[in-house]
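Chain order of the listed sequences is A and B.
Numbers given in our numbering equal positions in the first sequence, counted from 1, plus 43.
Numbers given in our numbering equal positions in the second sequence, counted from 1, plus 5.
There's no promise every hint is true.
Simulated DEER-style distance windows between Cβ atoms [to be verified]:
| # | chain 1 | residue 1 | chain 2 | residue 2 | range |
| --- | --- | --- | --- | --- | --- |
| 1 | B | Leu41 | A | Pro190 | 23 to 29 Å |
| 2 | A | Ile253 | B | Gln210 | 29 to 35 Å |
| 3 | A | Asn155 | B | Ala51 | 37 to 43 Å |
| 4 | B | Leu14 | A | Ile94 | 32 to 38 Å |
| 5 | B | Ala29 | A | Val47 | 35 to 41 Å |
| 6 | B | Phe185 | A | Gly160 | 54 to 60 Å |
| 7 | B | Thr12 | A | Thr156 | 47 to 53 Å |
| 8 | A | Leu252 | B | Ile22 | 44 to 50 Å |
Not the full set, but computed from the structure, chain B residues with beta-carbon under 8 Å of chain A [stated by the list, open to error]:
| # | residue |
| --- | --- |
| 9 | Ile67 |
| 10 | Val71 |
| 11 | Leu164 |
| 12 | Thr174 |
| 13 | Ser183 |
| 14 | Phe185 |
| 15 | Cys202 |
Where chain A lies over chain B, by a calculated footprint (3+ residues, C-beta under 8 Å) [to be verified]:
| # | stretch |
| --- | --- |
| 16 | 72-78 |
| 17 | 150-161 |
Hints are computed from structural coordinates only; laboratory data are not their basis.
For each residue, glycine too, the CB sits at the ideal point set by N, CA and C.
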Amino acid sequence: MTLVFAPIFENWPLLLDGALVTLRLAAVATLMGFVIGTLCAIGRNSNMRWISVLCAGYVEAIRNTPFLVQIFLVFFGLSSIGVTLSAFTVALISLTINVGAYSGEIMRAGFNTVHAGQWEAAECLGLSRAQVYWHVVLRPAIERVYPSLTSQFILLMLASSITSQISVSELTGNANYIQGISFRPMETYITIGAIYFGLALIMRFAFWLIALVIFPRRRRLGTSI
Amino acid sequence: MPTFGLTHLQFLLEGAIWTIALSACAFFGGALMGLLIALCRVSQLAPVRGIAWAYIQLVQGIPLLVIMFAGYFGLPALGIQVSPLMAATLSMTVWVGAYFGEFWRGAIQAVPHAQWEAAECLALTSTQRMFKVIIPQAVRNAIPGTVGFMVQIVKNTSLASAVSFVDLTRAGQLINNSTFQPFVTFTVVALIYFALCYPLSVLSQRLEKRMARGVRSA
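Turn these sequences into a full structure, and let the hints guide you.
Put into structure tokens, the structure is as follows:
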């Protein structure tokens, strides 16, 4: 019952490749999902009832069903109606839809923290609704919920492991292959567990750096994120 | 080729029962683990606090799917035989324990400091203080978050399908393999999950609002 890691490390190009695919999935889905989430949060505050109901329905449907089922629905569903996309594309679409709902809920909380006086002042200045969001509300809202967004995007990176179930060759998918040829499952999963942990640390650091750039006010005041 | 019918629905519902069973196992296993971790996190001994902190950080940085694979494929390779249910329960316990540990530490530390001091003045031992004074009050703080996390538990039991545990998701895959009607099958699967999770989500939100009201009036 000894752990031997050498056969795992022999396959380091596969591990590196998988980690890069995981990071790429996470980065693209984070960007697109954040945009969708923000639009969805704006939609939920909309005066048009059907838009807000639609956005609320989207958020609740995604947040109350497992990601694995969502990805199966997209993957097998699309192929059954004749739309054949690569597993990577399907993974990207499903991850984006999924994280869009979660970041939508977070951004809604963020918009709610912006003081009513700010909204009213902006309106009094004759700004359009789009201008109010863009120039007045968006940045402080993101600033307030930035830690929650960071955690959510890291959870998204970890959840991308689930895309191995539709044969995407990301880190977990490659690990399944490595454990199949090396017959050392425990060592394989310990290794990629450590890699995921490292990726989570890297993301945390990256978000901290981004915060330094996009929140100059905080930097001046010396408040931490 | 068979089309999606009542027998399939029945098969899915049987799968749903296993999903609920696994969720219950994960909840109770995770609750025990979480309580242990939370108590370690507020321990007076720095090394104990450190170990619990490291455990939480580590588990929260690793995907549940990887923990599950390590349990199901890894343990037998080390000579420990596990059934899919056992592997899934163990992995979920490890994973849920880390999250509950962190929630409940917060709940314990949110109990006003005067309560700790008062218990000490009454000459209670530290065990008595924790179990008779602090935890009963911490439970109240912890309920909304715990209920909310039960949604995550139910949803994440779907990953047990990857270690050949026939839960709701796996049942859906099996039906899809025989009927080739993915839209119908996985929509029904998603609806059943929704029916399990949505009441918990609503309950958690209501509890949160109620607690907030209690704080304001106090």
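Right, here's what the structure says about each hint:
A beta carbon spacing of about 27 Å between B/Leu41 and A/Pro190 agrees with the range 23 to 29 Å that was offered as a hint. Hint check: A/Ile253 to B/Gln210, Cβ distance near 31 Å, so the stated range 29 to 35 Å holds. In this structure the hint that A/Asn155 and B/Ala51 lie 37 to 43 Å apart at CB holds, the actual value being about 39 Å. Taking 32 to 38 Å as the suggested C-beta distance range, the pair B/Leu14 and A/Ile94 conforms, at roughly 34 Å.
Checked against the given bound of 35 to 41 Å, the beta carbons of B/Ala29 and A/Val47, roughly 37 Å apart, stay inside it. In this structure, B/Phe185 and A/Gly160 meet the distance hint of 54 to 60 Å, their C-beta atoms being roughly 58 Å apart. A hinted range of 47 to 53 Å for the beta carbons of B/Thr12 and A/Thr156 is consistent with their spacing of about 51 Å. Range check, A/Leu252 to B/Ile22: Cβ separation about 48 Å, and the 44 to 50 Å hint holds.
Hint on B/Ile67 holds. Least Cβ distance to chain A is approximately 4 Å, under the 8 Å limit. Satisfaction of the interface hint for B/Val71 is found here, the shortest Cβ-Cβ separation to chain A being roughly 5 Å, below the 8 Å cut-off. The criterion of a C-beta within 8 Å of any C-beta in chain A is met by B/Leu164, whose closest approach is roughly 6 Å, and the hint holds. Hint on B/Thr174 holds. Least Cβ distance to chain A is approximately 6 Å, under the 8 Å limit.
For B/Ser183, the interface hint is violated, the least distance from its beta-carbon to any beta-carbon of chain A being 13 Å, above 8 Å. About 7 Å separates the beta-carbon of B/Phe185 from the nearest beta-carbon of chain A, less than 8 Å, and the hint is met. Of the supplied interface hints, the one on B/Cys202 holds, with its beta-carbon coming within about 4 Å of a beta-carbon of chain A, less than 8 Å. Residue count for the stretch 72-78 of chain B with a Cβ under 8 Å from a Cβ of chain A: 4. That meets the three needed, and the coverage hint holds.
Here's how the stretch 150-161 of chain B fares: 3 of its residues keep a CB closer than 8 Å to some CB of chain A, so the rule of at least three is met and the hint holds.
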